[in-house]
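K.L.:
Protein chains in written order, with this note's numbering: chain A, 1 to 289; chain B, 290 to 603; chain C, 604 to 985.
Keep in mind the hints are simulated off the structure, nothing from the lab.
All values derive from a computational prediction rather than experimental measurement.
The beta-carbon is built from N, C-alpha and C at its ideal position, and this holds for glycine as well.
Careful: at least some of the hints might be erroneous.
Restraint-style ranges between C-beta atoms, simulated for each label pair [stated by the list, open to error]:
#1 C:Arg800 to A:Leu192: 33 to 39 Å
#2 B:Phe509 to C:Ala932: 41 to 47 Å
#3 C:Arg800 to B:Ile384: 53 to 59 Å
#4 A:Leu150 to B:Arg377: 55 to 61 Å
#5 C:Ser795 to A:Leu192: 36 to 42 Å
#6 A:Leu150 to B:Asn369: 49 to 55 Å
#7 C:Gly647 to B:Pro335: 54 to 60 Å
#8 B:Arg328 to A:Gly47: 51 to 57 Å
#9 A:His68 to B:Phe509: 51 to 57 Å
#10 B:Phe509 to C:Val643: 48 to 54 Å
#11 B:Ile392 to C:Lys762: 56 to 62 Å
#12 C:Arg741 to B:Tyr460: 58 to 64 Å
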Amino acid sequence: MASMIPAIAVEEALSVPDSDGEGAGDPQRRRVPRIRFWRGIVLLVAGVYFLIPLYAGMKFSVQNDAGHWSLYAIKDIPSETGFGAAFWLSMRIAGSTMVLAMVLLVPTAVYVHLKLPKMRRILEFVTILPIVIPPIVLSLGILDVMPEFLRASPYLMTLVYVIFVYPFVYRSLDAGLTAIDLKTLVEASRSLGGKWISTLWHVIVPNLRSALLSAVVLTIALVLGEFTFASLDLWTTIPVWIYQFSQLDGHVATAVCMLTLLGTWVLLIAVVSVDRSQSRRARRRTGAL
Amino acid sequence: MSSDVTVEDLAASGLGISNSQAGGSGLPANRHRLRRAVRPVLAMAPFTIYTLIFLAIPTATVVELAFRSHSGKLTLANLNLIEHGTFRLGFENSILLATVTSIVPGILGVFLAYTIHTSRSGLLKRLVATSSGVLANFGGINLTFIFIATIGSTGILTAWLTVIRLNPWHYGFNLYSFWGVAIVYMYFQIPLMLLVITPAFGGLRPSWREAAENLGASSFHYWRTVGVPVLLPSVLGGILLLFGSGFAAYATADTLTAGTVTLAPIQIGAYLNGNVIAGEENVGYAIGFGMLVVLTVTMILYALVRRRASRWLR
Amino acid sequence: MTSTQDEGSLTSTQAGPLIADSSTDFVRGQGARVELEQLVRVFGRTRALDGFSLSVEPGEFVALLGPSGCGKTTALRVVAGFERLDGGRVVVNAADLARVSAQKRDMGMVFQSYSLFPNMNAVNNVAYGLRMRRQGSRQRKKKASDLLELVGLGDQATKYPHQMSGGQQQRVALARALAIEPRVLLLDEPLSALDARVRAELREEIRNLQLRLSITTLFVTHDQEEALSMADRVCVMSSGRNEQTADPATLYARPATAFVAEFVGVSSRVPVERTGNEVVIFGQRCPVRSGGTSTAYELVDALLRPEDVAIEVDSGAKGFVTNRNFLGATTRLTVQVGEIPIRVDVRSEVAGDIDPGTHVRTKIISRDVLVAPRLGTNPTPS
């Protein structure tokens, strides 16, 4: 992904209460079927427009050069040159990014929510910056400023990706923390004798499950799709590998794309359904609806 | 700031609670006031330091180097460079691309969102919500390859269209060009607009519509006097967001055109890959600076518009 | 009702009780007669309205009272035209409204909350209906301002909804509904989202305004205190039907069904023996109240109001006080008689001596007793 902006939109969409079928008294119901006809057409056209490329991608993945059906493109993936290394690299980077982002942002977010509410605005602003400062520009700066030993290590990507995921992770956490009554939970835990670490681990984190899950998934999705910095930093992660390999075999490259997409989709669906139901319940509880 | 009762307070009130954390009661007042002031600073330190190192400094460097020549002197030469020739073209193209891929998907997105909003199928709404979430986040290269598979010169759709003699390539279409990039961008810009604008529709309370009807307004009047004005900030916000997204995107354009299309982000990429002309050594930074300016303006406008929207849609 | 022709010198400028001498001639109430005949509305498998009928006289204030799900809001929305009818008719001034769209029904509606248009200030909100009726700009601004004065918000004219409190918003909503000089005023739990003090104030004001303008009004609420204090008549609804419609006093004193008796006011349920038209309760013989629907049933419960029962301290009696609640002028005691808790009101001066645990004898002091089919039985008329 080349920009953080879509992620913000996803996060915002998740944070808005549904209208829960409020259109029950919709006067449209009494209207002419003519409108329903147009609606059908619009949806049909939109559906087709979005489905065709997906279909094409899928078809291309299961074809060989002669145009016949073949699963070679998928079966050969693990054995293609460099795939294993790229896959393993991407996994390592995804994992380390996830861990680092959590370790850095969770305590910070919790602390700010509890003790420094005024800092929240500043924190919100800072975590929006990766939108104003696009990956390409940040890459420019990083590659100039970072010392040689970092630039030689793949984990520079981890360090940079953590910045890239600021928006999702912080905002997920922020929404999650707002939905639970953090202050009360912490005071209860402390009054019962819990020290800070155990409060964090046993009380706060379990209640943030959905927010954390959503943050983790979005992080993984970003890392697995990030091309800009990886290519400029000259490391072969999956996206970079796909691009390079496409010169050799378009089918395999496309197949990997489709698989990545499928994986992301499944994860996102899981997160969205868990998140929607949990945040809806939380919002009702806090009377914000 | 912090209003919780500390152990020191309890100790002072005579309850005799001791706690090794506080070092027992009886700290001189100044020392623990200082300690209390220091605590927030310490707590925020990791985040602050990290952000400084990996965000603030690199960005500041870009800005600074935009105004420095290769030898280190302060200069406006880099900025001059990007105002002419191919760099200027790069900016113009980027802005054009961003404009086109924000306004068109913006409008389409609004109508699509309305269509979905007025549907009574909860399933449809959820399906659209998740799909938009996924499609809007499409990794740059994934999109590239899927579109090549679709409408590339040997793409599936191309093949179908050839059968009915409507092969766009025969009519001068080229996927690996500026306009090809624009078409590909639509694919994630429309879902992005959907994502942004659907909550806004959800914020349109049915009671407004009913009140308007009750007071004698027709559907048209309702939209004109209440619906559109209330939605407008959100629509504008969405378009601005799309603009930023289309302007800053790199991966799709780069992989689709192998870095040959004239766009500002691509030019930075080329610069980083070593395509540097003597005498123009720091021009990459100037381009970066220019992009920052454009995006900052965009996001400021976005924030302003959003504030208006959220006030009304509460 | 005053009739000083006082163009524009209305005196109320605070958000407070209306001053009696401000002219209301610029808004003429129209008292329409409303007939709801056997309304039926089905949602999936629920019958939200199940043959609901009601007659409203011109200028009358009728409250639709009932628990959630009883159909009161549905009934209101059907009258407004926001819900289709699956059966029955809505008739206003002898005209059937079946083919009339909500837009053209000429009724003013006040919603529960957040119905003001957020993109318009108070004046423009109030003037909206007039704008739809193509009145000239200056004319409608004037009328809107006057109406805002009438509801005590003259100084808030240029404020936007998000700058106003809940109570202020509802006043503006009321002014907006009145601006079109509707035939009928419909209020859908307008006070439920407000806090208690504001609610009490607005209750009075809405009622006063309604009286002066003589607009036929339908007011939906689940709060019986609200209904009883504001309405000319209250229609108690349950499961989409009209349980009983009567003026508040009658509703309270002579509930027609067990549902009404228990929903309106407090009542205690006591299983009793019945012989003919009398029941034996606390060892006394009392006549059964006529007019209820259960005079034919064998196994019955008596429904007693706290003021229907008196007590005497008697250490030999089997009943004893389990609870004592100070309510101001009266104190409500809970007396355990056998297995039944009975609520009894006594004057607070004497209640002080009656601690929980005191043995008391209970006596019926009302002239008759309302009975209902015994709880848990399947009643068939004998």
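K.L.:
Does each hint hold? Answer for all of them.
P.N.:
Results for each hint:
no.: 1; hint: C:Arg800 to A:Leu192: 33 to 39 Å; in the structure: holds (38 Å)
no.: 2; hint: B:Phe509 to C:Ala932: 41 to 47 Å; in the structure: violated (59 Å)
no.: 3; hint: C:Arg800 to B:Ile384: 53 to 59 Å; in the structure: holds (57 Å)
no.: 4; hint: A:Leu150 to B:Arg377: 55 to 61 Å; in the structure: violated (34 Å)
no.: 5; hint: C:Ser795 to A:Leu192: 36 to 42 Å; in the structure: holds (38 Å)
no.: 6; hint: A:Leu150 to B:Asn369: 49 to 55 Å; in the structure: violated (33 Å)
no.: 7; hint: C:Gly647 to B:Pro335: 54 to 60 Å; in the structure: holds (55 Å)
no.: 8; hint: B:Arg328 to A:Gly47: 51 to 57 Å; in the structure: holds (55 Å)
no.: 9; hint: A:His68 to B:Phe509: 51 to 57 Å; in the structure: holds (56 Å)
no.: 10; hint: B:Phe509 to C:Val643: 48 to 54 Å; in the structure: violated (32 Å)
no.: 11; hint: B:Ile392 to C:Lys762: 56 to 62 Å; in the structure: violated (35 Å)
no.: 12; hint: C:Arg741 to B:Tyr460: 58 to 64 Å; in the structure: holds (59 Å)
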